[in-house]
Amino acid sequence: MPIIHISLRAGKPEAYRQAIFDGLYRAMRETLNVPEDDQFMTMSEHDAANFRSGTAYGVARSADVVYIRMTVFNTRTPEQKKALFKRTAELLGKSPGIRPEDVFIVVLDAAKENWSVGHGLAQFA
Amino acid sequence: MPIIHISLRAGKPEAYRQAIFDGLYRAMRETLNVPEDDQFMTMSEHDAANFRSGTAYGVARSADVVYIRMTVFNTRTPEQKKALFKRTAELLGKSPGIRPEDVFIVVLDAAKENWSVGHGLAQFA
Amino acid sequence: MPIIHISLRAGKPEAYRQAIFDGLYRAMRETLNVPEDDQFMTMSEHDAANFRSGTAYGVARSADVVYIRMTVFNTRTPEQKKALFKRTAELLGKSPGIRPEDVFIVVLDAAKENWSVGHGLAQFA
Chain W
30 MPIIHISLRA
40 GKPEAYRQAI
50 FDGLYRAMRE
60 TLNVPEDDQF
70 MTMSEHDAAN
80 FRSGTAYGVA
90 RSADVVYIRM
100 TVFNTRTPEQ
110 KKALFKRTAE
120 LLGKSPGIRP
130 EDVFIVVLDA
140 AKENWSVGHG
150 LAQFA
Chain F
30 MPIIHISLRA
40 GKPEAYRQAI
50 FDGLYRAMRE
60 TLNVPEDDQF
70 MTMSEHDAAN
80 FRSGTAYGVA
90 RSADVVYIRM
100 TVFNTRTPEQ
110 KKALFKRTAE
120 LLGKSPGIRP
130 EDVFIVVLDA
140 AKENWSVGHG
150 LAQFA
Chain V
30 MPIIHISLRA
40 GKPEAYRQAI
50 FDGLYRAMRE
60 TLNVPEDDQF
70 MTMSEHDAAN
80 FRSGTAYGVA
90 RSADVVYIRM
100 TVFNTRTPEQ
110 KKALFKRTAE
120 LLGKSPGIRP
130 EDVFIVVLDA
140 AKENWSVGHG
150 LAQFA
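Each protein sequence line maps, in turn, to chains W, F and V. No gaps in the numbering here: position 19 of the first sequence is 48 in this note's numbering, and each next residue is one more. No gaps in the numbering here: position 78 of the second sequence is 107 in this note's numbering, and each next residue is one more. No gaps in the numbering here: position 55 of the third sequence is 84 in this note's numbering, and each next residue is one more.
Hints are computed from structural coordinates only; laboratory data are not their basis. Check the hints yourself; a few may be wrong.
Which copy is meant is left open, because identical chains are indistinguishable; a pair holds if it fits in one copy or across any two.
Said to hold, decoys possible - Here are the simulated SDA-like cross-link-like pairs (lysine to any residue), alpha carbons at most 20 angstroms apart as the crow flies:
(1) K111 - L150
(2) K123 - L150
(3) K41 - E59
(4) K115 - H148
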């Protein structure tokens, strides 16, 4: 049940955007052991005027930077997050071919009782 | 002061989308005791290519799934969250008629000092 | 590495929206001591039907309300947040001229290990 929102500049073809979803899903399967079809993701495309990226922390980002905001259970360990970051950058590098400099991820932690994945229930509380 | 963002597939009429706002507001009034006109909500509509939903956790979601991301005070109890989930699914089921399988909610907790609801002040710190 | 998302009603000229980005960046530089070019921001413009704002907490908000959702290191102090809120409202008041009533900010805290600002690494863990 991670839920993910991806923000990027407008203009990429649909196959490119689908590859981002696919890569994230695969990275979550491999590093977080999420169950099958645990895919809850949205994407927003932004005009240049509504999107800003800097070069802070010595990373040569381009206009193709992708912001990935993920909310996960607060039981995920630093090791799992580290593995997730690494695998996500690898997979998005292969397809759709995003430079590793352009993969920006931030994770938010949410307690088990903070999720309702259907039916108005708190399934994990 | 919960602040809410709702993501859904594009194409629903305005009345449908307003009913989602109305239902969430009413659910917050009834279960979180938020003050009158405590309505801070945004909605984004996504093309199919920018929206993905799976069937994980045994829930038969449809293309009408609605992702509701809420940020609330970190003083809210698990019981309040449970009541909020239940009431939200009930109300959205009545109007605009969303299937309970399609109501997906995740709550983020923010400390009292993390809110500025106007005037550059930290009103609740 | 704060990452920021701004939501506002559609229709403001580009210069207005750039001034919001500029003001936020300057406020972060001055109050959070973020490094140079630490600018990671996205903006979404909403039709009236997809945007709702209330008057709760005695604040006379207008249709020009701006919702600013920021994720920061969880090491930021209440004092830093207070200074950030104050300075942001001041700067957005000067340019593009947003009323202080219309500046709504919520901060989310993310641990150091929750950030990957490029290269698939957890730079701050």
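Checklist entry - For which of the previously enumerated hints does the structure constitute a violation, in increasing order of number? => result Result: hint 3 breaks, nothing else.
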